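A.B. asks: These are the residues of each chain, in order.
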Amino acid sequence: MEVTEQEINHLAMLSNFSLEPSEKDALKKDLSGIFKYIGKLDELDTSGVEPTYQVFEMKNVWRADEIINQDADREALLALTKEERDHQIKVPKVL
Amino acid sequence: MKIANSSTTAVSLVKAALSRIEETKEWNIFTFVDKKAALERAEEIDARIKKGETVGRLAGVPYALKANFLSKHRPADASVKILTEFTSPIDSTTAEKLDKEDAICVGCVNMDAFAHGSSTENSYFGPTKNSTDKTRVAGGSSGGSAVAVALDCVQFATGSDTGGSIRQPATFNGIYGIKPTYGTISRYGVVAMASSFDVIGFLAKSASDLDLLMSITAGQDPKDQTSLPDYYGADDTKLDKKSVGYIKEFMDSPALDPEIKSALESKLSALRAKGYDIVELSMPTLEYALPTYYIIQPAEVASNLSRYDGIRYGFRTKELNAPDKTPLDLLFENTRNEGFMRENKRRIMIGNFVLSSGFYDAYFLKAAKARTLIINEFNKAFEKVDAILSPASPNPAFKLGEKVDDPVSMYLEDVMSVTANLAGIPAIAFPAGTNKAGLPLGLQIMGPRRSDKNLIKLVEELA
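For the record, the sequence lines run as chains A and B. Heads up, the first sequence is in numbering that gives the first Met the number 0, so the first residue is 0 and it goes up one at a time. Heads up, the second sequence is in numbering that gives the first Met the number 0, so the first residue is 0 and it goes up one at a time.
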C-alpha cells in the first residue's frame, strides 16, 4: 500500500515526531515498501488459530510484597535529568 | 578462555586487550574504553591471586559490553543520540554476575541504534567494519561485540538477540554466538527493544566458552519477572534421537548463497558419518516468519520506545520555540525527532500503524496468529529431530552501504534467524569455514526449548 501525506502525519503524531518535509517524503517511500512487504501475511490462512502474544512458559509469577533494592537512590536518579530544583524535575511551562 | 592465575596476571591480560583495542581503532569497535577502571580491577585481582585467595571463574578475563547493557558509571547509550548523555546508576544483572566471577569489562562496543539493524551501520557513532574485510559490514546489531571478539580485543562480549542480532554478526566474523531459550538469562538493566523476543546471550571464540558463560549467567532474577528458574545444566531438554533436520524451504531459497548451502550440506554429511539420521523437514509457514516478525517486533518497539521523552534522563532538545505549539509538546517531539535514528523512527511508525485502530486486526492480530502456526511447525519438527541445522543468514558479510537505503532488503537479512525468536527456542551460530573470497561463513543450529546445553555439545561435535 502507498502511504499518503495524511497517513504519515497521523503516524508522526502518534509517534510524537516533528518531521521535516524531506524526512517525511523519505519515510513515506520507506514505509510504503515495508507495508507492501508485510502485507504478504494476507496470503496465510489463520482462521480458527489462537494468537500468541508471548512465549514465556510461566504464568502468574508472584513474589512477596517486599521492596527489591534497585541500587540507585533518589539522588542518583535525579542527577540524570537536565534540570532539577528542590528534588523535582523541571520541565517547560505546562499551563 | 585465558584466565589469570599464578603464571598469567590479570594486568597482562587487560594490557594486551587495551593495546589491541588501540591497534584496531580503524574498525570503529569501541564506543567507550574503560582503561583506568579495568587496570585497577586487574591489579586488585592479581593481589588476591598473590595472597592465595580464591578468585572467580573468569578471573582477569577482559570482556566488552554491548552498548545496550547498563553498568555502573559507564555510558549505556545503545549507540543512539537520545541516550548519549546517560550514564548508568545501576548494573545489569549480567554485568553484575560477570563481575562477581572477576571478569573485567574493558569497555562498551558499537551496535545498531537501539539494536535496530543487521549491519551496525545504523549507529550514531558510525559503522563498525567487518573483521576480515574493512569494506564490508560487521553484521548486526551486535556488530561491535562480534568484531571485538574476532580481532582479539576481548575474549568474549555480551550481546542481545531479538531477531538474529547475535547470530548473524557471529557468522559474518567467523565466531560463535548463542541466543538462549527465551527467559534463560535476566534482562534486568538491558535497554528493551521488543520484549516478547529479546534475549541476552554471548559471542566468543569457542562453544566451551559459551557453555561457561551460560552456566554463570543463566537463572531466575527477582528483578526480571520473565526470567526462568535456572535449568541450565540441570534439567535441560535431552537431545537423544540422534537425528538432525534441515529445512527444505531454506535450502531451496533463491536468496541462499551457494557457498553457505554447500557448507551446510557438508556439515550434514559429517553428522551422517557420525551416525545421525538426517531428516528433510518441510516447514512452509516459515515463509511468513519475516513479515510476522516485522509486524510484532515494531509494535513492541513503538511501545518500549515511548518512554524516551527527554525528561528524566538522556538527551533533551534545546528547540522549544514554535508559533503553534506549547514548549512541553516541543520538548517531546523535538527530543524524539533529534534523538532517534531514521531506522528507529521507521520502526516506531510501523508499530504505531499496525497497532492503530482499523489496522490492528489485519496486521497485529493476524501476525500473533501466524506466530502460533510457526511455533506449531517447530513443535512438530522437534517430534522428529533433536535439532535443526540452518543458515543464520542467507549470505556472508555484504558491502558497507549496500543495503542501508533499502530497509526491506536489510530486513531480509533476518529471514532465517527470526524463526528462533518467534518460537522462543535456543539457537547457536558457529563458524563453517570461509568462502572463495576468504570471508567467514557460518551456520546456526536450533533446538527445542531448554536444550541450550545439549545444543552446545552438538556444536562441539560439529566443529
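Calculated from the structure, these hints are not laboratory results. Check the hints yourself; a few may be wrong.
Unchecked claim - Computed footprint of chain B on chain A, listed as stretches where at least three residues anywhere in the stretch have a Cβ under 8 Å from a Cβ of chain B:
no., region
1, 10-16
2, 23-36
3, 45-51
As the list claims (entries may be wrong) - Computed footprint of chain A on chain B; a stretch qualifies when at least three of its residues, placed anywhere within it, have a C-beta under 8 Å from a C-beta of chain A:
no., region
4, 19-29
5, 34-41
6, 139-146
7, 218-226
8, 269-281
Since this is a predicted model, take the numbers as computed values, not measurements. All C-beta atoms in this analysis are idealised placements derived from N, C-alpha and C, irrespective of residue type, glycine included.
A.B. asks: Each hint needs a verdict: does it hold in this structure or not?
C.D. replies: Hint-by-hint comparison with the structure:
1. 10-16: It holds, with 6 qualifying residues against the three required.
2. 23-36: Since three or more residues must qualify, the claim that chain B covers the region 23-36 of chain A holds, with 8 doing so at under 8 Å.
3. 45-51: holds (count 5)
4. 19-29: violated (count 0)
5. 34-41: With 0 residues in contact (Cβ-Cβ under 8 Å with chain A), the coverage given for the region 34-41 of chain B is violated.
6. 139-146: violated (count 0)
7. 218-226: With 4 residues closer than 8 Å to chain A, the region 218-226 of chain B meets the three-residue bar; holds.
8. 269-281: Not satisfied, violated; 0 residues make the cut.
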